[in-house]
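Undergrad: Residue numbers (the working numbering), protein chains in the order written: chain V, 5 to 425; chain U, 5 to 425; chain P, 5 to 425; chain X, 5 to 425.
In case anyone wonders, no lab produced these hints; they're calculated from the structure.
Quantities reported herein were computed from a predicted structural model and do not represent experimental measurements.
Don't take each hint at face value.
[Claimed, not checked] Covered by chain P, per the in silico footprint, the following chain V stretches (three or more residues, Cβ under 8 Å):
no., region
1, 133–145
2, 154–166
3, 300–309
4, 394–407
[Said to hold, decoys possible] Computed list of lysine-lysine pairs in DSBU-like fashion (alpha-carbon distance at most 35 Å, straight line):
no., chain 1, residue 1, chain 2, residue 2
5, U, Lys42, V, Lys107
6, X, Lys64, P, Lys32
7, P, Lys293, P, Lys349
8, X, Lys293, P, Lys422
9, U, Lys349, V, Lys107
10, V, Lys191, P, Lys64
11, U, Lys226, U, Lys191
12, X, Lys107, V, Lys157
13, V, Lys62, U, Lys42
14, U, Lys191, P, Lys291
15, U, Lys341, U, Lys374
16, U, Lys293, U, Lys341
17, U, Lys421, X, Lys422
18, P, Lys107, P, Lys42
19, V, Lys349, V, Lys293
20, P, Lys293, X, Lys422
21, P, Lys32, P, Lys62
22, V, Lys32, U, Lys157
23, P, Lys191, V, Lys374
24, V, Lys293, X, Lys293
25, X, Lys422, P, Lys32
26, P, Lys107, X, Lys191
27, X, Lys374, P, Lys107
28, V, Lys293, X, Lys422
29, V, Lys157, U, Lys349
30, P, Lys293, X, Lys191
31, P, Lys157, X, Lys107
32, P, Lys291, V, Lys341
33, U, Lys191, U, Lys374
Beta carbons: idealized from backbone N, C-alpha and C, even for Gly.
Number of protein chains: 4
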Amino acid sequence: MQTQILERMESDVRTYSRSFPVVFTEAKGSRLTAEDGKQYIDFLAGAGTLNYGHNHPKLKQALIDYLASDGIVHGLDMWTKAKRDYLETLEEVILKPRGLEYKVHLPGPTGTNAVEAAIRLARVATGRHNIVSFTNGFHGVTMGALATTGNRKFREATGGIPTQGSAFMPFDGYLGEGIDTLDYFEKLLGDNSSGLDRPAAVIIETVQGEGGINPAGIDWLKRLERICRDQGILLIVDDIQAGCGRTGKFFSFEHAGITPDIVTNSKSLSGFGLPFAHVLMRPELDKWKPGQYNGTFRGFSLAFTTAAAAMRQFWSDDTLERDVQRKGRVVEDRFQKLAAWLTEKGIPASERGRGLMRGLDVGSGGHADKITAEAFENGLVIETSGHDGHVVKCLCPLTISDEDLLEGLDILEASIKKVFG
Amino acid sequence: MQTQILERMESDVRTYSRSFPVVFTEAKGSRLTAEDGKQYIDFLAGAGTLNYGHNHPKLKQALIDYLASDGIVHGLDMWTKAKRDYLETLEEVILKPRGLEYKVHLPGPTGTNAVEAAIRLARVATGRHNIVSFTNGFHGVTMGALATTGNRKFREATGGIPTQGSAFMPFDGYLGEGIDTLDYFEKLLGDNSSGLDRPAAVIIETVQGEGGINPAGIDWLKRLERICRDQGILLIVDDIQAGCGRTGKFFSFEHAGITPDIVTNSKSLSGFGLPFAHVLMRPELDKWKPGQYNGTFRGFSLAFTTAAAAMRQFWSDDTLERDVQRKGRVVEDRFQKLAAWLTEKGIPASERGRGLMRGLDVGSGGHADKITAEAFENGLVIETSGHDGHVVKCLCPLTISDEDLLEGLDILEASIKKVFG
Amino acid sequence: MQTQILERMESDVRTYSRSFPVVFTEAKGSRLTAEDGKQYIDFLAGAGTLNYGHNHPKLKQALIDYLASDGIVHGLDMWTKAKRDYLETLEEVILKPRGLEYKVHLPGPTGTNAVEAAIRLARVATGRHNIVSFTNGFHGVTMGALATTGNRKFREATGGIPTQGSAFMPFDGYLGEGIDTLDYFEKLLGDNSSGLDRPAAVIIETVQGEGGINPAGIDWLKRLERICRDQGILLIVDDIQAGCGRTGKFFSFEHAGITPDIVTNSKSLSGFGLPFAHVLMRPELDKWKPGQYNGTFRGFSLAFTTAAAAMRQFWSDDTLERDVQRKGRVVEDRFQKLAAWLTEKGIPASERGRGLMRGLDVGSGGHADKITAEAFENGLVIETSGHDGHVVKCLCPLTISDEDLLEGLDILEASIKKVFG
Amino acid sequence: MQTQILERMESDVRTYSRSFPVVFTEAKGSRLTAEDGKQYIDFLAGAGTLNYGHNHPKLKQALIDYLASDGIVHGLDMWTKAKRDYLETLEEVILKPRGLEYKVHLPGPTGTNAVEAAIRLARVATGRHNIVSFTNGFHGVTMGALATTGNRKFREATGGIPTQGSAFMPFDGYLGEGIDTLDYFEKLLGDNSSGLDRPAAVIIETVQGEGGINPAGIDWLKRLERICRDQGILLIVDDIQAGCGRTGKFFSFEHAGITPDIVTNSKSLSGFGLPFAHVLMRPELDKWKPGQYNGTFRGFSLAFTTAAAAMRQFWSDDTLERDVQRKGRVVEDRFQKLAAWLTEKGIPASERGRGLMRGLDVGSGGHADKITAEAFENGLVIETSGHDGHVVKCLCPLTISDEDLLEGLDILEASIKKVFG
């Protein structure tokens, strides 16, 4: 595999190609193929972008058909048939059955853009600037979104400019057993000298992805929503990684029965790995004036097309939902066993997650890196997350076959046992 | 055309669908088709994103072939064959023949993301925070980029948070005839009490797009480069709208014979309207550490594929370059005549631009809106730019046929004469 | 008492004149006299600025002598005999006996100026921007200091600009019994995704004044110092209100046996109510270059003169220290009894403080206001603090006579009993 | 003269003691005496703080009388007789005769505090954040004021935090002969894409002090006022250095017949070198709510006392005004001759100023330093200003005797001729 030009020309900022130093060529379902023909089972799936696997045949066909018909590809924010189909499908297949009524903002086709738009809307709608996010939260790296992202790696790469307009609260469980971190939040809110500027909004991932696969408790989420309602604070659920079925429901917040004021989706939203994002907002929050937020690629029709096809394909009934929950339990079970085995070996480990968003916490980035490196040698693409990279995470396609799922888990188990046995 | 759901569900932030209230379905070359079958000549071309027209058959075929082969679509920042082909083609077809040596950063696939990455790199590389941009400059709306964007519509929609880390200088010609605005910049730089923090970088469009199709003079650009070199300031050319051949050269700065330290490209970079962006940087500026800037869609292989195909198709020789220059003169000539006609009618007007990035300044947004509305009625999609929307701009595909170009210009002329005759 | 011009000409920002709507004329020791001849015992004492009482005869004489000799009054930051005497006295009487070695920065003569200088020094010295302050902390209202001040009244009066460069941690006891809030701080410090930017410094009042007379525990302060040392974070003690003997030691941090890297003093530093402030810093932290921080009144010789006289008068032996501790116990005892009485009456109340910085927490600002208003009617000037103004605070002169102290306490007791009896 | 402790204990930030490395002891009128008995004529006068000279006998007597009567010294913002006298005198002696109607805000007793309060009020009153200041402007160094101060020495000593909420415009004359810099300002204001956020206020020194003794033209100031009125921008005149008679009128803006919305005074406001400052504002701008801006020393009665005495002494008739203008012409004339002499010697020099705020521009800080060092050797304390320290400035007491004025000028002339002869 010829990699010189890649090493020479691409910025040192590149990162995944350091973990997986091969040249990938093809992909199908839950399998990646490298240039030398070697196949890998994909438990990374575009960091949650390929919930329906690589090159799903139905979505691919919809895409090729659209292209073949000379459908408009790039439509700025003009009206197109593709956009209309997308909105209709979103309403019929996703929103209405869930009793949700949202308007849709189509900003630039990346998650960070959706977060910037969501945050800005919250500020414009409330007249307040403070956005509360949570320890280990990740919401993007453009300057507005970065203010709500906890990771120092990004925060220290601004060239010294401090971010502004946000405050961090401890996520559920952050202060250990028996402490409800919302007590702290509520105390600060009720204290006129706490230093916490009255928030415009709270932004939260119901299951933190980059932060280490940390699921917020159902009751905790309900209480968070209640606090927000009581205090006139908008609740933004950043469902970019946890949404689109990853946790076993289309929206991750459905598990808690809460209704965010604003929702961001991206990653698996197009269903096919195409850049795409939207912001959903309660209609009365739509304080935007024409053109106040723009971007060149806010009308990417190929993504509208596959997104609509994906919704129809996977969300018209509850087959996928049930399947995700079933497979999630398979992963959960295996991870629990691996955690137990590791703990016995003197490496305290634990399992956590929701649906098919699952983490195996092995205590340190060093341990986790050894495991994922060994797994890659053995044909499994799997990555880590968490503040120290200490959590091996499973983000396999939701549509993975049972065979591939089990084979992947077997590789992982063998790798762990080889490394720590 | 059914538009109710579009009006009901899409945020009020939508803007182009107000100018062109039809539902577009198909597009080919320089023509758009609406749902009712009516065809429009496209002088907007995705605001400069479709330099090679809609659905160019060669690019479309490359895309369909790639999809048919189950090429990897979404690759994070892993190594892929598509990325390698892209980098090789970029080097062979674009950089080497121009004597340029750059490393490539692939941030999120939007212009604003590229600008955020470019700015941040400049800060990290210099240890300084100040980014100098110019009056009427537009560089994106995420918070970091917004600091360098002059437009109040966006700046006032932050919910009251002031942007930080930038300063605005007068663009070439801003202070009128006979005043070289770089005198002012140089005076501020040399004055320890000027209030201008020593800049990390200057970011500039050599021809301002959203700002009103304002070309910076060749000598002025050369002097700007010299000032930057002398003062240790990095020169960033934001070539998102003016690049990819729009001005008659692949990079707009080639006209001035200058070599920016950092270049941003997006819009027409994929050649097919797909979301895509890169940052080019002098190799010694690559101060990024692994993973310091990330984004989900930084390895969008479909865009790599069409971008490489487009470079090979259009930039292997100088045919397109010469063609753009020739057509540019056609537009220039017609616009000059229209300006003269308008001026005679008591509406002082003027023409400006470079290559096929041309503007007809009609003095007020009111005038311009009447013209573009009438033109749309007559089958021409054309938009305005400038701080008051007072410049009718021609951003037709570079590949437009002479017939379509002339028909478009005829429609524009007839519209102007109908409105002001 | 003619007050019309005061009501008409002074900005509505005025506040104490609303609590005490009389015109004061003279003052001596712990007594204020209004224009109508009525005397008041002063338990406010310039909000901690008059630790040695009003117009102390020895200090007054030193001041008059200095004036009579035509000593230089205003010396910018030139060398003056008055400044030299001040520095010598500070070193001999205060620093050396306490084993402290500090250099002295003389910024503008206000507390907020000292805090701005201290914070800026910490940033310059560490190359980091984040200043950690605490819930209910108060450090001034100029924009730099305001970032570390918790009070919303001030924070919301910036015209919408968010402060930058700081983060708030819970003060000792903030999360209730049994939770050491430094656990949280330490967890955030050790977590690379916590959102807490690596701090340049921590700024703390060992006993919060405006925040409600909240003393940090001795062990908590020791642990805070240890964390700072371990992490390379500078420890700034803002001793503007709690310093100069208020807690029974010259520096409030002496109780904990800790040694801050940087100390701010103001308020009672001049000993006579004259505007004055200094910043003390470990010599190796003096990274200032000549003239990098300035201000017109940084060489106010009258304040040097009375400050030196006050140090010699009150700090050459431990008489005052012991006296403050004795009187502190008198107040503590009475406040505890009043708290018990109130609690019995159904108004849960409590006492807290250190030395002669003592608070009676009566649960609500409404209760506290009634008490202080009644007290004022009966000849006692006393104010409230805390986020809801719910703490009646005793900041009487340290030099108050036992008679005045007891009379003041009697008035307070009678007022409480009248209001709630 | 013993200076070791001064060198050892004071922070390296000290600056004037480097230019004048002697220990001053006494001062009277326009003369300073050092510890060795040597006398110096004072052309610095506390950088404009001692307009009425050192230890003026009438003001001194008023001060001593006040102290002797046990007048209240420190009154927070309570009502005191001293404050009432101050307000009455300000209204009767200063405001009414000039047809001005202002309310008075008494923030902390330093110029930077007054500027912070003025800026914040402008933001609160307009709901906008942008404060426009000018090249070479100096308004203080606390973070809010620093945003409007042009000097890099201070701006770069923030530890890397960029200031926010301000923009710099070119001061009168900054772009050279024949260019009215307000054309630029007006163009930016009228241009929706200029990058200039709609200003809350303009803050300006009518004669820049630290910036190099730059007087704004009378017509330019009138036009600035007109632009502000037309655009709903508040006009703040920072009269801290140029006010209190320095230019020959009590307020420097009287020369232009303009009426600022907000005025800041400090420096010579107390008349005796005591820390003091106030903000004057049009009554309808007083949007402050009680207590929204505070500070310990906002009721410094000694300063009220000397300030009122100084107004009565010097501003009850026009004697001082006329005297300043006469002496100003003396300095002007001598400086012009010196400029001509220097220019002949090959050192292009020029004179400028208004009243007794006068500068001799000698082209470089190197030249100026040589002159002032030589002058100091010969018994004249005089300093430089300007972005390169290239302007020798005369800020002698307004009350200087003709003898001292001429002797000072003679020393300066001899020094210049010695250095460059």
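Undergrad: Next step is simple, just say for each hint if it's right about the structure.
TA: Now for the hints, and whether the structure bears them out:
1. Proximity of the region 133–145 of chain V to chain P, defined as three or more residues with a beta carbon under 8 Å from a beta carbon of that chain, is established by the 8 residues found.
2. Counting residues of the region 154–166 of chain V whose beta carbon lies closer than 8 Å to any beta carbon of chain P gives 8, which reaches the threshold of three, so the coverage claim holds.
3. Proximity of the region 300–309 of chain V to chain P, defined as three or more residues with a beta carbon under 8 Å from a beta carbon of that chain, is not established by the 0 residues found.
4. Note: the region 394–407 of chain V has 0 residues with beta-carbon separation from chain P under 8 Å; the three-residue rule is not met and the coverage is violated.
5. Among the hinted pairs, U:Lys42 with V:Lys107 is consistent with the structure: their alpha-carbon atoms are about 29 Å apart, no more than 35 Å.
6. With a C-alpha separation of about 21 Å, the suggested pairing of X:Lys64 with P:Lys32 holds against the 35 Å cut-off.
7. About 60 Å separates the Cα atoms of P:Lys293 and P:Lys349, which puts this hinted pair outside 35 Å; it is violated.
8. Restraint check: the Cα-Cα separation between X:Lys293 and P:Lys422 comes to about 31 Å, which is no more than 35 Å; the hinted pair holds.
9. Restraint check for U:Lys349 and V:Lys107: the C-alpha separation of about 46 Å exceeds 35 Å, so the hint is violated.
10. For the proposed pair V:Lys191 and P:Lys64, the alpha carbon gap of about 47 Å is over 35 Å, so the pair is violated.
11. Simply put, U:Lys226 and U:Lys191 have alpha-carbon atoms about 17 Å apart, close enough for the 35 Å limit, and the pair holds.
12. With a C-alpha separation of about 50 Å, the suggested pair X:Lys107 and V:Lys157 falls outside the 35 Å cut-off, and the hint is violated.
13. Annotation: proposed proximity of V:Lys62 to U:Lys42 holds, straight-line Cα distance about 31 Å (limit 35 Å).
14. For a cut-off of 35 Å, the pair hint linking U:Lys191 to P:Lys291 stands: about 30 Å separates their Cα positions.
15. With a CA separation close to 19 Å, the supplied pair U:Lys341 and U:Lys374 stays within the 35 Å bound.
16. Of the supplied pair hints, the one linking U:Lys293 and U:Lys341 is violated, its CA atoms being roughly 54 Å apart against a limit of 35 Å.
17. A hinted pair counts as satisfied when its Cα atoms are at most 35 Å apart, and U:Lys421 with X:Lys422 does not qualify at roughly 77 Å.
18. About 45 Å separates the Cα atoms of P:Lys107 and P:Lys42, which puts this hinted pair outside 35 Å; it is violated.
19. As the CA atoms of V:Lys349 and V:Lys293 are separated by approximately 60 Å, the hinted pair breaks the 35 Å bound.
20. Taking the CA atoms of P:Lys293 and X:Lys422, the gap is near 31 Å; set against the 35 Å cutoff, the hint holds.
21. About 12 Å separates the Cα atoms of P:Lys32 and P:Lys62, which keeps this hinted pair within 35 Å; it holds.
22. Taking the CA atoms of V:Lys32 and U:Lys157, the gap is about 45 Å. The hint is violated against a cut of 35 Å.
23. With a CA separation close to 26 Å, the supplied pair P:Lys191 and V:Lys374 stays within the 35 Å bound.
24. The straight-line distance between the Cα atoms of V:Lys293 and X:Lys293 is roughly 32 Å, inside the 35 Å bound, and the hint therefore holds.
25. A threshold of 35 Å between alpha carbons decides the hint, and for X:Lys422 with P:Lys32 the separation of about 57 Å lies outside it, so the pair is violated.
26. As the CA atoms of P:Lys107 and X:Lys191 are separated by approximately 50 Å, the hinted pair breaks the 35 Å bound.
27. Only pairs whose Cα atoms come within 35 Å are accepted, and X:Lys374 paired with P:Lys107 is accepted, the gap being roughly 31 Å.
28. About 69 Å separates the Cα atoms of V:Lys293 and X:Lys422, which puts this hinted pair outside 35 Å; it is violated.
29. Between the alpha carbons of V:Lys157 and U:Lys349 the distance comes to roughly 61 Å, so the proposed pair goes past 35 Å and is violated.
30. Using a Cα cut-off of 35 Å, the hinted pair P:Lys293 and X:Lys191 is violated, with the two alpha carbons roughly 39 Å apart.
31. Simply put, P:Lys157 and X:Lys107 have alpha-carbon atoms about 22 Å apart, close enough for the 35 Å limit, and the pair holds.
32. As the CA atoms of P:Lys291 and V:Lys341 are separated by approximately 56 Å, the hinted pair breaks the 35 Å bound.
33. A C-alpha spacing of about 42 Å is found between U:Lys191 and U:Lys374, which places the hinted pair above 35 Å, so the restraint is violated.
Checked against the numbered hints given earlier, the structure breaks hints 3, 4, 7, 9, 10, 12, 16, 17, 18, 19, 22, 25, 26, 28, 29, 30, 32 and 33 and satisfies all the rest.
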